[in-house]
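S.K.: Model the full structure from these sequences, guided by the hints.
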Amino acid sequence: MESEIIKIRDFSAGYGQNFVLKNINLSFEKNKVTAIMGPSGCGKSTLIRCINRMHELNLDAIHKGDILFNGKSVFETNPILLRKKIGMVFQRPNPFPTMSIYDNVIAGYRLNGIKLSKKEFDLIVEDSLKKAFLWEEVKDNLHKKGTFLSGGQQQRLCIARAMAVNPDVLLLDEPTSALDPKATAMIEELIVELKKTVTIILVTHNRTQAARVSDFTVFLYLGELIEYGSTETIFTTPKNPKTEEYLIGKFG
Amino acid sequence: MLRDRFFKFGLKLAGGLIALLIFSIFVSLVIASIPSIKEFGLSFVFGKEWNPVEEHFSALPFIIGTLLTSVLALAISLPFSLAIAFFSGEFSKKGLISSLIAYATDLLAGIPSVIYGFWGLFFLVPLIRKLELSFNIPPYGVGIFTASLVLSIMIIPYASSMARDVIALVPSDLKEAGFALGSTRLEVIKKVIFPYSVSGIFAGLLLAFGRAIGETMAVTMVIGNANRIPHSLFEPANTLASVIANEFTEATSDIHLSSLIYLGLILFIITFFINYIGNMIIERMSVNGRS
Amino acid sequence: MGEVKLRILKDRIFTFIIYLLTFLSVIPLFAILFSLVKKGLGVINLNFFITLPKPPPDAGGILNALVGTFLLVLIASIVSIPIGIVAGLFLVETRNRFANMLRVLINVLQGLPSIVIGIIAYLWVVKPMGGFSALSGGIALGIMMLPMVVKSTEETIKLIPYTLREASYALGADYFTTIFKVVLPAGISGILNGILLGIARIAGETAPLLFTAFGNPYLNFNPAKPVDSLPLLIFNYAMSPYERWQNAAWGASFVLIAFVLLINIGVKLGGRRWRVKL
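Protein chains in written order, with our numbering: chain A, 38 to 289; chain B, 2 to 292; chain C, 113 to 390.
Among the hints, a few may not be true.
What the hints assert, rightly or not - Quick partial rundown of chain C residues pointing at chain A, CB under 10 Å, derived from the structure:
hint, residue
1, Thr275
2, Leu276
3, Tyr281
4, Leu283
5, Pro297
6, Ile300
What the hints assert, rightly or not - Examples of chain B residues lying across from chain C (beta carbon under 8 Å, computed):
hint, residue
7, Leu18
8, Leu21
9, Pro113
10, Thr250
What the hints assert, rightly or not - Result set (DMTMM-like, lysine to aspartate or glutamate): computed pairs, CA atoms no more than 25 Å apart in a straight line:
hint, chain 1, residue 1, chain 2, residue 2
11, A, Lys101, C, Glu278
12, B, Lys191, C, Glu115
13, C, Lys122, B, Asp174
14, C, Lys117, B, Glu91
15, C, Lys239, B, Glu248
16, B, Lys176, C, Asp123
17, A, Lys122, C, Asp286
18, B, Lys192, C, Glu115
19, B, Lys176, B, Glu188
Hints listed in this document are in silico derivations from the structure and should not be mistaken for laboratory results.
Where a beta carbon is used, it is the ideal one built from N, C-alpha and C, also for glycine.
M.R.: Right, here's the structure in full:
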């Protein structure tokens, strides 16, 4: 079972007294794209925020059960080290407004006080931007502010920023929900390309997006895991009637 | 992480220090007033005489002077403040004229107190003197009325910007509902905006009043500095703040200095409560306005 | 129909009164600016800035006051800016009763009469040090500036989107780094504007300096000795019986107003130009 990079075991999480996620058991395959879908409020975002321990930033966050990353509990791993291995991209593009494109890409190094030579940084910037399909568009403007880019470019910059620290896993939290169709298509292409280097967990409310880019699909409903399997199986022959209802658009 | 814990502690510390600062201001004033409190007690507040030569001190002349100048200033400024607030909050929200008015009131608010006093001394005082001559009143020029006039100019930008902010909190669908029923703007202001924002406008005026009470330099320069209870608005007088400004460095005896600080303590208590009440009303309004 | 006409007429009259009162209330501004330009501009030349006061009937220049004001503003900034920014952050980060109370207290502090702050600086600094000093004046001005720094920090940081912090945390940065390398830089222009407006305000304060900085006709850079300041000089010269001194007071007023207005205008224009695009 070496191919399972993240294992979620009897895991529940929520806020205050309420569990938003209930008793989830799930594994994510290495170098695959796994889509998590479900109607809004089903706990998709909470789930991936637990994987890199961002959920705990809420003061009243609660959880029980365990999440294993490379066989080790994430809750026994220093969150700072954990987040360097598990990158994240958010719904809205959020490049740091005070930093140039160049500095945004290496922000993971700068913010953690890691000093490399100019040459090494140059290489990382070029490599990461190339991985994010952004290099050609920005290579002459590396020292302009990232916020002057278009929304789609900004989101790819955020992907480059996450990729620059060489993570094993990339969490994408509805990365195209704020983008136009053209920019969305580009990100989707990028996701397929990126799985060569990283494991991708993609939260999406867009059913066809899950079908287009993912290898595996997880369907969550009201905090419970309804169905999990290869994307093809889920979309062609779902076992659970709820999954089918969701896929044909009966709710959410 | 350790650094984060230190930093979060530092944040709390800074917050606590500021609370402590305000508390210590009060305590220091009380301690430094103790000689005077011991000597004159509470009758200090109601006594009529302030006589540094005989070392007999009491605050009533200055309390009366302060209240007269501030109330009069507020009364003079009220129509102007409300007019500006309605003008920029309702009549002309955008455009060249309203931004010019906003600029002008910002600048009025930015002029230092000492320049208001200076201008009052050389421009208003001669004017008032002529006025007094024509009414057969002793032509001091300086006095309560002159001070009120200068003060009213000074608090207009403050009161109007507070009132404008409150008016801006009135939900626009309420106003539109009023217009949709065929009301004129005057009627919308009277029946919708004013009832909705009256407590906020009151708070704004209260805070402006607090400003007027504590204003020192401009008043000191045009009020004439007389330590007696005024019998007319055109007589020279003193306010709590202006007598402190005038006599603090010249106070020779400890009891004189302590009495001046006692006046400062009274000023602190008055303005503390005015500001506290005013800010609570506004805090509550803006919370309600948001939710 | 008559009733409607009456209503419209009333509305017109009301509108006219609002316009009239609004325009009347900006007249004093122009009257003051006119006086300053008319009486002040003539006094101003290079010598006015680079010489010291002379005994009457001469007036001399205002170099002592310029240096003093600079020194006072510098001390006030050192006193108020660091703690003000940290306290502002505290208000953004904390949601409890103490934070709410502190917010009101800070408004109360801002509303305290400046003369009371002067008394406090006298009790806390002048008395223990045994004499008037730039330090005591700077501390008084710093206490006055503090609420402005706190409020501008709070208002600016509140507007920085939370997603920026998330991005920083997701890269493994800790809270300290996130605040200092991501949040504060994004809000720097707003905080700076607040600081500048605070400086413009305290640079014109007189009352808290009367018995702290005290005034000094000689050049002084020593924080432990009395210094002059522009508003103090204006006050003393304005109340003097010598015409040349009064004229110098007009000149100094013009300089002070120009300084205050330049900061105000600079903040308005610069605020737009330098604001970090989020």
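S.K.: Work down the list of hints and note, for each, if the structure agrees.
M.R.: Here's how the hints hold up against the structure:
no.	hint	result
1	Thr275	4 Å, holds
2	Leu276	5 Å, holds
3	Tyr281	6 Å, holds
4	Leu283	4 Å, holds
5	Pro297	4 Å, holds
6	Ile300	8 Å, holds
7	Leu18	6 Å, holds
8	Leu21	10 Å, violated
9	Pro113	3 Å, holds
10	Thr250	5 Å, holds
11	A:Lys101 <-> C:Glu278	23 Å, holds
12	B:Lys191 <-> C:Glu115	18 Å, holds
13	C:Lys122 <-> B:Asp174	24 Å, holds
14	C:Lys117 <-> B:Glu91	22 Å, holds
15	C:Lys239 <-> B:Glu248	17 Å, holds
16	B:Lys176 <-> C:Asp123	16 Å, holds
17	A:Lys122 <-> C:Asp286	15 Å, holds
18	B:Lys192 <-> C:Glu115	18 Å, holds
19	B:Lys176 <-> B:Glu188	10 Å, holds
In this structure, the one hint that does not hold is number 8.
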